[in-house]
Amino acid sequence: MSEAYADAAVSAGAPQAPARVFTETLLSVDDISLSFGGVKAISNVSFDIKQGEIRAIIGPNGAGKTSMLNVINGFYHPQQGRITYRGKVRKKMRPNEAAKTGIARTFQNVALFKGMSTLDNIMTGRLLKMKRNFFWQALYWGPAKAEELQHREYVEHIIDFLEIQSIRRTPVGRLPYGLQKRVELARALAMEPHLLLLDEPMAGMNVEEKEDMSRFILDVNDEFGTTIALIEHDIGVVMDLSDRVVVLDYGRKLADGTPDEVSRDQKVIDAYLGVPHE
Amino acid sequence: MDALYHVLISPFVDMATQPVFFAEVVIGGLMAGVMYALVALGFAVIFKASGVVNFAQGAMVLFAALTLVGFMEHGLPSWAAIPMTIVVMIALAYAIERVILRHLVNQPHIVLFMTTIGLAFVFEGLGELIWGSNVKALDIGIPDQPFFVGGMLLNQFEIFAAVTAAILVTLLVIFLQKTAIGRALRAVADDHQAAQSVGIPLQTIWVVVWSVAGFIALVAGVMWGAQSGVQFSLSLIAFKALPVLILGGFNSIPGAIVGGLIIGVGEKVAEIYWGPIIGGAIENWFAYVLAMVFLMFRPQGLFGEKIIERV
Numbered sequence: 001m002s003e004a005y006a007d008a009a010v011s012a013g014a015p016q017a018p019a020r021v022f023t024e025t026l027l028s029v030d031d032i033s034l035s036f037g038g039v040k041a042i043s044n045v046s047f048d049i050k051q052g053e054i055r056a057i058i059g060p061n062g063a064g065k066t067s068m069l070n071v072i073n074g075f076y077h078p079q080q081g082r083i084t085y086r087g088k089v090r091k092k093m094r095p096n097e098a099a100k101t102g103i104a105r106t107f108q109n110v111a112l113f114k115g116m117s118t119l120d121n122i123m124t125g126r127l128l129k130m131k132r133n134f135f136w137q138a139l140y141w142g143p144a145k146a147e148e149l150q151h152r153e154y155v156e157h158i159i160d161f162l163e164i165q166s167i168r169r170t171p172v173g174r175l176p177y178g179l180q181k182r183v184e185l186a187r188a189l190a191m192e193p194h195l196l197l198l199d200e201p202m203a204g205m206n207v208e209e210k211e212d213m214s215r216f217i218l219d220v221n222d223e224f225g226t227t228i229a230l231i232e233h234d235i236g237v238v239m240d241l242s243d244r245v246v247v248l249d250y251g252r253k254l255a256d257g258t259p260d261e262v263s264r265d266q267k268v269i270d271a272y273l274g275v276p277h278e
Numbered sequence: 001m002d003a004l005y006h007v008l009i010s011p012f013v014d015m016a017t018q019p020v021f022f023a024e025v026v027i028g029g030l031m032a033g034v035m036y037a038l039v040a041l042g043f044a045v046i047f048k049a050s051g052v053v054n055f056a057q058g059a060m061v062l063f064a065a066l067t068l069v070g071f072m073e074h075g076l077p078s079w080a081a082i083p084m085t086i087v088v089m090i091a092l093a094y095a096i097e098r099v100i101l102r103h104l105v106n107q108p109h110i111v112l113f114m115t116t117i118g119l120a121f122v123f124e125g126l127g128e129l130i131w132g133s134n135v136k137a138l139d140i141g142i143p144d145q146p147f148f149v150g151g152m153l154l155n156q157f158e159i160f161a162a163v164t165a166a167i168l169v170t171l172l173v174i175f176l177q178k179t180a181i182g183r184a185l186r187a188v189a190d191d192h193q194a195a196q197s198v199g200i201p202l203q204t205i206w207v208v209v210w211s212v213a214g215f216i217a218l219v220a221g222v223m224w225g226a227q228s229g230v231q232f233s234l235s236l237i238a239f240k241a242l243p244v245l246i247l248g249g250f251n252s253i254p255g256a257i258v259g260g261l262i263i264g265v266g267e268k269v270a271e272i273y274w275g276p277i278i279g280g281a282i283e284n285w286f287a288y289v290l291a292m293v294f295l296m297f298r299p300q301g302l303f304g305e306k307i308i309e310r311v
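In the order they appear, the protein sequences are chains D and F. Numbering of the first sequence is given in full-length UniProt numbering, commencing with residue 1 and proceeding in unit increments. Numbering of the second sequence is given in full-length UniProt numbering, commencing with residue 1 and proceeding in unit increments.
Please keep in mind that the hints were generated in silico from the structure rather than gathered at the bench. Where hints are given, some of them may not hold.
As the list claims (entries may be wrong) - Each computed EDC-like pair below joins lysine to aspartate or glutamate, with the alpha-carbon atoms no more than 20 Å apart: (1) D:K92 to D:D31; (2) D:K114 to F:D139; (3) D:K100 to F:D191; (4) D:K210 to D:D256; (5) D:K50 to D:D256; (6) D:K114 to F:D190; (7) D:K40 to D:E24; (8) D:K267 to D:D249; (9) D:K210 to D:D249.
Said to hold, decoys possible - Stretches of chain D that chain F covers, calculated by requiring three or more beta carbons in the stretch to come under 8 Å of a beta carbon on chain F: (10) 41–48; (11) 260–268.
Every residue, glycine too, gets a C-beta built ideally from N, C-alpha and C.
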């Protein structure tokens with residue numbers, strides 16, 4: 001297995017790394033089906049995400065990848081199936097409740113608070129960590145202020161980590177797309193999530209920006225120990241970054257395994273990577 | 001030449017030669033401005049949290065005043081009727097969230113705006129249905145005695161209104177700017193999805209915001225009702241609040257106050273000193289013309305956040 005992984009890594013031009021092994025399951029989805037009216041977005045899909053791994057979800061457009069993230073994150077409620085998170089079967093919940101349980105995410109088309117500065121955007125990620133409720137904040141100036149400072153410190157740490165010091169005060173609406181994606185990642189990180197969902201973190205980026213973002217994703221996983229599930233179209237990136245890959249097509253699961261296993265799977269090659277030339 | 005003299009010079013000569021009268025006009029304007037600002041505040045709070053002008057704010061002012069008068073007509077003293085009206089407004093905020101807003105998450109702003117137009121009619125209808133459509137006097141014991149300060153005629157009621165507005169604004173500014181809720185409100189106004197994904201409970205925020213707007217509507221309703229009676233034209237003062245908001249910036253609490261004061265003073269001064277030249281009635285349109293000028297040169301208002309859009 002380690003040989004196979006190394007093989008895949010070499011073929012993708014990445015430095016050789018030993019395969020990582022994960023045992024504890026953080027989240028598993030079982031037999032999930034989701035439809036909108038008569039359109040089936042997801043049919044009977046099951047897979048799991050292990051604690052500490054980088055899990056990729058790939059598939060052609062309309063395969064149900066984003067729908068899957070929306071199910072995990074609580075935006076959509078599947079008609080059928082079960083989600084087990086941190087050992088417990090999860091009941092139907094709203095996105096803000098999912099956030100409370102430690103699930104953070106970024107969006108395909110960047111959902112930032114455009115009128116607010118980079119710093120304020122990232123600070124919103126700390127809202128759940130603020131212990132004093134709104135009314136106490138209004139009354140107790142001292143402690144609330146101290147708490148704000150403490151959160152600010154954590155946010156500065158993330159700003160340093162993602163190398164966005166220079167745009168701290170810039171309204172995010174003014175930033176180029178690549179940096180907006182980075183601010184969105186920062187906001188998600190400020191939540192100190194157990195599970196980080198990234199919806200096409202590298203869409204619309206140039207090669208250099210992609211390399212930066214890949215490095216940040218690996219560093220986040222490494223330094224914060226955050227489990228990451230990501231959707232990505234760039235197969236090279238997926239092969240480099242992820243420990244395991246699940247492939248969706250027309251709302252069904254096509255394959256599940258290491259990047260190498262998946263890339264050799266005939267069904268995947270046929271449906272997604274294209275038929276090889278002999 | 002003569003016309004120019006009357007427009008450009010003689011009004012200022014009048015101001016300089018009769019400073020006490022001028023001060024009286026300005027103070028009268030400030031007081032009227034406070035009353036506008038009270039209404040505008042309700043708009044600003046909802047705008048801050050949803051990016052939408054709440055067309056129903058005027059109707060809420062009317063409804064709150066009607067409810068208060070209704071309770072008092074049934075023999076409740078004002079110290080009991082006011083808290084009860086507050087409870088009614090909070091219950092309404094809860095109902096609005098439950099029945100309407102919850103189903104409009106992630107909809108474009110225009111949809112929410114249309115909803116508030118509908119709400120305005122619901123409020124007016126509800127008010128008329130429950131409390132009837134007669135003009136009612138509202139007397140909750142605010143003193144209303146004129147008195148003289150340095151030769152100027154002032155009114156206790158107006159002082160009372162100004163102090164109330166000042167307290168209200170201070171509370172709102174602390175609540176919205178100095179607590180994390182302010183950041184949460186702006187986040188909700190910007191992007192529902194993103195706000196939810198960082199754990200902001202949309203539903204709670206909306207109930208809080210509409211309750212606050214309902215409370216402000218009650219304060220405005222009490223002040224306007226005590227001054228000019230509780231009648232259905234109260235819901236029209238919403239239109240006077242729009243230029244105030246354009247001047248001050250839609251999402252700014254201090255802006256609502258400063259905008260209200262500028263418009264109050266502006267229209268009084270214009271009416272008194274320039275009114276006779278064109279036969280009066282400047283007061284009726286002055287605010288809108290001022291708002292138009294602002295839209296041309298400073299569309300975000302005096303205190304509003306600059307609108308930034310990357311193209």
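Structure-based check of each hint:
1. The hinted pair formed by K92 of chain D and D31 of chain D meets the criterion: a straight-line CA distance of about 15 Å does not exceed 20 Å.
2. At most 20 Å may separate the alpha-carbon atoms for a hinted pair to count; K114 of chain D and D139 of chain F exceed this at roughly 47 Å.
3. Straight-line distance between C-alpha atoms of K100 of chain D and D191 of chain F comes to about 18 Å, which keeps the hinted pair within the 20 Å bound.
4. A distance of roughly 25 Å separates the Cα atoms of K210 of chain D and D256 of chain D; the hinted pair therefore is violated under the 20 Å criterion.
5. The suggested pairing of K50 of chain D with D256 of chain D holds, with an alpha-carbon distance near 13 Å, which does not exceed 20 Å.
6. Restraint check: the Cα-Cα separation between K114 of chain D and D190 of chain F comes to about 7 Å, which is no more than 20 Å; the hinted pair holds.
7. The straight-line distance between the Cα atoms of K40 of chain D and E24 of chain D is roughly 31 Å, outside the 20 Å bound, and the hint therefore fails.
8. Distance restraint check for K267 of chain D and D249 of chain D: the Cα-Cα separation of roughly 10 Å lies within the 20 Å cut-off, and the hinted pair is therefore satisfied.
9. Annotation: proposed proximity of K210 of chain D to D249 of chain D is violated, straight-line Cα distance about 25 Å (limit 20 Å).
10. With 0 residues having a Cβ less than 8 Å from any Cβ of chain F, the region 41–48 of chain D misses the three-residue criterion, and the hint is violated.
11. Check on the region 260–268 of chain D: 0 of its residues sit with their Cβ under 8 Å from a Cβ of chain F, so the three-residue criterion for coverage is violated.
Of the numbered hints listed earlier, those contradicted by the structure are 2, 4, 7, 9, 10 and 11.
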